[in-house]
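What follows is the residue order along each chain.
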Amino acid sequence: MFQKITALAWKDTIIRFSSRTELLFFLILPLVFTVLLSGGVGTGQTGAGDNRIVLLVVNQDGSEPANTLISALAASGVVRIEEKSLAEAETRFADEAAPALLVIPAGFGAAVLDGSTAVLDLRQLPNNNNANAADRAVQTAVSDISAPWIAARASLQEAEDLAPFADDAARQAYFQQATDLAAALLADEPQRVSVTQPEAAITEANTYDLAAHQSAGQLITWVFIPLLGTSALLAFERRYGTLRRLLVTPTRKSTYLLGTIFGQFSTAVVQMGILVGFGIVVMGVNWGHSPVGLAIMLLTFGLSSVAFGVMMATFVKTESQANNLSIMLGMSMALLGGCWFPIELFPPAVQTAVHVLPTTWAMQGLADLVMRGAGVAEILPEAAVLSGFAVVFFIVGIVRFRYE
Amino acid sequence: MKKILNIGWKDLIVLFRDKGALVLMLGAPFVLTLGLGLITGSFSNNSGSSSGLAGIAVVVVNKDGGELGQGLVDVLFSADLAELLAPDTAVSPQAARQQVDNNAIAAAVIIPAGFTDGILPNASGQVGEPVAIEVYANPARPISANVVSSIVADYINQVETGMVSVNVALTQLVMHGRITPANTESMMTLGQEMGQRLISQDAAPQPIRIERDKAAAEAASNPNFLAYIAPGMAVAFLMYTVALGGRSILAERDKGTLSRLLISPTSATQILAGKVVGIFLTGVAQVSVLIAASALLFGLRWGNLPGVVLLIVTVSAAATGWGLLLASLANRPGQVSSFGTALMLTFGILGGSFVQIPFTGLLAQLSKITPNAWAIEGFMSLSQGGSLADIAPSLIALVVMAALLFGTAVLIFQRRSGALIAR
Chain A
0 MFQKITALAW KDTIIRFSSR TELLFFLILP LVFTVLLSGG VGTGQTGAGD
50 NRIVLLVVNQ DGSEPANTLI SALAASGVVR IEEKSLAEAE TRFADEAAPA
100 LLVIPAGFGA AVLDGSTAVL DLRQLPNNNN ANAADRAVQT AVSDISAPWI
150 AARASLQEAE DLAPFADDAA RQAYFQQATD LAAALLADEP QRVSVTQPEA
200 AITEANTYDL AAHQSAGQLI TWVFIPLLGT SALLAFERRY GTLRRLLVTP
250 TRKSTYLLGT IFGQFSTAVV QMGILVGFGI VVMGVNWGHS PVGLAIMLLT
300 FGLSSVAFGV MMATFVKTES QANNLSIMLG MSMALLGGCW FPIELFPPAV
350 QTAVHVLPTT WAMQGLADLV MRGAGVAEIL PEAAVLSGFA VVFFIVGIVR
400 FRYE
Chain B
0 MKKILNIGWK DLIVLFRDKG ALVLMLGAPF VLTLGLGLIT GSFSNNSGSS
50 SGLAGIAVVV VNKDGGELGQ GLVDVLFSAD LAELLAPDTA VSPQAARQQV
100 DNNAIAAAVI IPAGFTDGIL PNASGQVGEP VAIEVYANPA RPISANVVSS
150 IVADYINQVE TGMVSVNVAL TQLVMHGRIT PANTESMMTL GQEMGQRLIS
200 QDAAPQPIRI ERDKAAAEAA SNPNFLAYIA PGMAVAFLMY TVALGGRSIL
250 AERDKGTLSR LLISPTSATQ ILAGKVVGIF LTGVAQVSVL IAASALLFGL
300 RWGNLPGVVL LIVTVSAAAT GWGLLLASLA NRPGQVSSFG TALMLTFGIL
350 GGSFVQIPFT GLLAQLSKIT PNAWAIEGFM SLSQGGSLAD IAPSLIALVV
400 MAALLFGTAV LIFQRRSGAL IAR
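Heads up: the sequence lines are chains A and B, in that order.
Last residue of the first sequence? That's 403 in numbering that gives the first Met the number 0, and every number before it is there in order.
Last residue of the second sequence? That's 422 in numbering that gives the first Met the number 0, and every number before it is there in order.
One should not assume that every hint holds.
[To be verified] Below, a list of computed lysine to any residue pairs in the SDA-like style, where the Cα atoms sit at most 20 Å apart:
(1) B:K367 <-> A:L26
(2) B:K18 <-> B:W8
(3) B:K62 <-> A:V194
(4) B:K367 <-> A:L246
(5) B:K254 <-> A:E318
(6) A:K252 <-> A:F235
(7) B:K18 <-> A:D94
(8) A:K316 <-> B:L410
(9) A:K83 <-> A:D94
(10) B:K1 <-> B:V276
(11) B:K18 <-> A:R238
(12) B:K367 <-> A:F235
(13) A:K3 <-> A:L246
(14) B:K254 <-> A:R238
(15) B:K2 <-> B:G19
(16) A:K83 <-> B:G360
(17) B:K18 <-> A:F314
(18) B:K367 <-> A:V31
(19) A:K316 <-> B:R16
(20) B:K367 <-> A:R91
(21) B:K254 <-> A:D94
(22) A:K316 <-> B:F15
(23) B:K2 <-> B:T268
(24) A:K316 <-> B:V276
(25) A:K316 <-> B:G19
(26) B:K18 <-> A:L246
(27) B:K254 <-> A:S319
(28) B:K254 <-> B:S266
(29) B:K18 <-> A:R91
(30) B:K367 <-> A:E95
(31) A:K316 <-> B:G26
(32) B:K254 <-> B:A267
[Stated by the list, open to error] Computed footprint of chain B on chain A, listed as stretches where at least three residues anywhere in the stretch have a Cβ under 8 Å from a Cβ of chain B:
(33) 172–178
(34) 188–198
(35) 328–341
(36) 358–372
[What the hints assert, rightly or not] Sample of chain A residues with no beta-carbon within 10 Å of chain B, all distances over it, derived:
(37) T20
(38) Q59
(39) T206
(40) T254
None of these hints come from the bench; they were simulated from the model.
We treat Cβ as the ideally placed atom computed from N, Cα and C, and that holds for glycine.
Chain A extracted, bound-state conformation (with noise of 0.2 Å):
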């Protein structure tokens, strides 16, 4: 039996790949998204290896105050600045080759210094998480080089409560000692926060790894589309008749259906693999403490998944309505299951919602291991739930089956 179902596992791989194309949706095109949508060549996102937003700044001031700016900035996390004028700047903003434009006007400094209110242009990309992210890392920056400076005119209202200052010189000693000050007793401020994570944990605290999220987002999209692809391939073998032909031959129908799944189950194995490869060597994501525990999460992904691709030949009737079914669901079913956006990101209701999704789990399940550095006994929730929508969906699809 055994020898009958690798036979039929390995005609089925066959027909797959009888067309070169299948390398497309096998190996091409995940690569070329994983790539893509982790910000990997030449996307705003990165430069070579830095993986901060763009953040285009231009310096009309030149003052001391703007200067201290773009120093603040050049030391954020989360942007990358790029110094320059402002058509060029322009220019590259409405190519939209970076999600916010920063200009700091003329006059600048003098505003922060005279104790009037300096003002700062910020331009985003509307409807831009990573614009979004960039418009707070200048708050952070403005918010911390502010203090010296609030702190000095505080001291300035103090005494100008007191007694006027003789001349206007005197009153600008004045601001100028307390700014002064002020940024050596904040430079000397002890840490008062201490951002701590699992000791597991993989990624940096407090930092968004986009190639971890893509890597694993990108790796059960592109699986679970072809193993629901499956149907397509039940479909075929119906439509020609050659699956009456083969039951002619004594084979039973079990052993019919359980090398179909072997076959697709296989080919779904090495794409994972080649794909989880090419994350640690290209993408330089770390998938995890956890061999066995990664192994526990993909095999049950794959099951579960093949397992949806049988259910699913018992309702679509051709190749093409079961193809392009797949592509739709696949597609969709990753974007709601957080393989595409993280899920945090997601309304409260909608994120509760999503758990009847088996790409949820995997995702789920992916993340833990590919962030939060989890062992096997941290991701038995997320195989079993895997492993019961498998059950299920054989159940439902084994039930339902039509061998002619």
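Dock chain B against chain A, hints included.
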């Protein structure tokens, strides 16, 4: 001409009767638009924001008996942050950390004993050893944990700025002889009074204000994220439709229906033209249906109607050009399907249909060869109140793209006319 239109109409009817094709032509773009709308919260609020960050689960443990620890708790539970945070309290740091370890919350904020005493001087003017607040972050929810850390850091920043302000003010007043306090106690009293004044001056002008670009702010205040997603998805799956149309050219040959057509008084040119018209009309119908459906069901405002019509026509023409080019290069119908689907997905990501990525360099140039990028730009402009003049670059680019692709495909078809008619 009548024959050409008949062939085109026939192809349109055939495609719209194919349930399998309808899944990707209409079902997929609609479902994905719906999905993206759901995960971005576009149906539940009017912000149109691409970020759905809300209700971040955070647990606070306050072991500090002082006012500053309680002040942070009050900030985390404040009405201002009610939408962003879903705070809770825990008694022990271990219990709070356990919730992070179990992936139940985004972060635990642990305020240690002696936090206030490490900042504010006691009655004798002594300040205790400084201790740090711990933000125990969940690595699986880095964006949410980062928000919590930022809120805590902002609070600390305000406290430190206030302390330093009082310190600097008192120091300078004494240095410049503007006050002469009798003893430490009177200095303490002065400092407390000054601190109260600073708190009451909360609304005092900040040294630096960030002014956001008005256009972007207006864009963000309108529910326009769906206006970006919907045309993006429609155009992405338009590429599938035109590939399917291109496939039908080769399928007619393989099934023998092309030979039968050629026996009739219909020339090969008329047949090819009819097929092109069929692909084009199907594309126009597909995008029109999706746009009308999203206007009716999602309440999207598409803007200037003539502009919308022109964009639908030109993007369908450009996509038809890609479909024809594929058909002209392929040997078998299956190849057109496979490459068509691959092209649909690749153009989808390069042209910004699925995710908006600010490409640079070669990728930025490559995105310009996709109908997706030009069409999305045009539709976005119209939905934000743009006029025909505003979308002129998109219209011109799509027309030029259509002409170039159509011309190239015809040349290839002419060279391979033998292979096209008989195999």
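Hints versus structure:
A distance of roughly 25 Å separates the Cα atoms of K367 of chain B and L26 of chain A; the hinted pair therefore is violated under the 20 Å criterion. For the given pair, K18 of chain B sits about 18 Å from W8 of chain B by alpha-carbon distance, which is consistent with the 20 Å threshold. A threshold of 20 Å between alpha carbons decides the hint, and for K62 of chain B with V194 of chain A the separation of about 17 Å falls inside it, so the pair holds. With a C-alpha separation of about 53 Å, the suggested pairing of K367 of chain B with L246 of chain A is violated against the 20 Å cut-off.
This hinted pair checks out: K254 of chain B and E318 of chain A have alpha carbons roughly 18 Å apart, not beyond 20 Å. Only pairs whose Cα atoms come within 20 Å are accepted, and K252 of chain A paired with F235 of chain A is accepted, the gap being roughly 16 Å. Between K18 of chain B and D94 of chain A, the direct Cα distance comes to roughly 40 Å. Violation of the 20 Å bound is thereby established for this hinted pair. Between K316 of chain A and L410 of chain B the alpha-carbon distance is near 39 Å, which puts this suggested pair outside the 20 Å criterion.
Straight-line distance between C-alpha atoms of K83 of chain A and D94 of chain A comes to about 15 Å, which keeps the hinted pair within the 20 Å bound. Between K1 of chain B and V276 of chain B, the direct Cα distance comes to roughly 12 Å. Compliance with the 20 Å bound is thereby established for this hinted pair. Taken as a hint, the K18 of chain B and R238 of chain A pair is honoured in the structure, with Cα atoms around 16 Å apart against an allowance of 20 Å. Of the pairs offered as hints, the one joining K367 of chain B and F235 of chain A is violated, with about 38 Å between alpha carbons and a cut-off of 20 Å exceeded.
Distance check on the hinted pair: K3 of chain A and L246 of chain A sit about 12 Å apart at the alpha-carbon level, within 20 Å; holds. About 17 Å separates the Cα atoms of K254 of chain B and R238 of chain A, which keeps this hinted pair within 20 Å; it holds. Taking the CA atoms of K2 of chain B and G19 of chain B, the gap is near 27 Å; set against the 20 Å cutoff, the hint is violated. Note on K83 of chain A and G360 of chain B: the hinted pairing holds, with a Cα-Cα distance of about 17 Å set against a maximum of 20 Å.
Straight-line distance between C-alpha atoms of K18 of chain B and F314 of chain A comes to about 13 Å, which keeps the hinted pair within the 20 Å bound. Distance restraint check for K367 of chain B and V31 of chain A: the Cα-Cα separation of roughly 18 Å lies within the 20 Å cut-off, and the hinted pair is therefore satisfied. For the hint linking K316 of chain A to R16 of chain B, the alpha-carbon distance of about 14 Å falls within 20 Å, and the restraint holds. Between K367 of chain B and R91 of chain A the alpha-carbon distance is near 15 Å, which keeps this suggested pair within the 20 Å criterion.
Between K254 of chain B and D94 of chain A, the direct Cα distance comes to roughly 47 Å. Violation of the 20 Å bound is thereby established for this hinted pair. Of the supplied pair hints, the one linking K316 of chain A and F15 of chain B holds, its CA atoms being roughly 17 Å apart against a limit of 20 Å. At most 20 Å may separate the alpha-carbon atoms for a hinted pair to count; K2 of chain B and T268 of chain B meet this at roughly 11 Å. Taking the CA atoms of K316 of chain A and V276 of chain B, the gap is near 29 Å; set against the 20 Å cutoff, the hint is violated.
This hinted pair checks out: K316 of chain A and G19 of chain B have alpha carbons roughly 9 Å apart, not beyond 20 Å. A hinted pair counts as satisfied when its Cα atoms are at most 20 Å apart, and K18 of chain B with L246 of chain A does not qualify at roughly 30 Å. Simply put, K254 of chain B and S319 of chain A have alpha-carbon atoms about 17 Å apart, close enough for the 20 Å limit, and the pair holds. Among the hinted pairs, K254 of chain B with S266 of chain B is consistent with the structure: their alpha-carbon atoms are about 18 Å apart, no more than 20 Å.
Restraint check for K18 of chain B and R91 of chain A: the C-alpha separation of about 44 Å exceeds 20 Å, so the hint is violated. Simply put, K367 of chain B and E95 of chain A have alpha-carbon atoms about 12 Å apart, close enough for the 20 Å limit, and the pair holds. Between the alpha carbons of K316 of chain A and G26 of chain B the distance comes to roughly 17 Å, so the proposed pair stays at or under 20 Å and holds. The straight-line distance between the Cα atoms of K254 of chain B and A267 of chain B is roughly 16 Å, inside the 20 Å bound, and the hint therefore holds.
Residues of the segment 172–178 of chain A with a Cβ under 8 Å from some Cβ of chain B number 3, which satisfies the need for three, so the listed coverage holds. For the segment 188–198 of chain A, the proposed coverage by chain B is satisfied: 10 residues have a C-beta within less than 8 Å of a C-beta in that chain, meeting the threshold of three. Remark: the segment 328–341 of chain A is confirmed as covered by chain B, as 7 of its residues place a Cβ nearer than 8 Å to a Cβ of that chain, reaching the required three. Counting residues of the segment 358–372 of chain A whose CB lies closer than 8 Å to any CB of chain B gives 6, so the stated coverage by that chain holds, three being the minimum.
Distance check for T20 of chain A against chain B: the nearest CB is about 4 Å away, which does not clear 10 Å, and the non-interface claim fails. Residue-level check passed: Q59 of chain A sits 14 Å from the nearest beta carbon of chain B, beyond 10 Å. Residue placement check: T206 of chain A does not keep its beta carbon more than 10 Å from all beta carbons of chain B (closest about 6 Å). The beta carbon of T254 of chain A sits about 29 Å from the closest Cβ of chain B, which is more than 10 Å, so the claim that it is off the interface holds.
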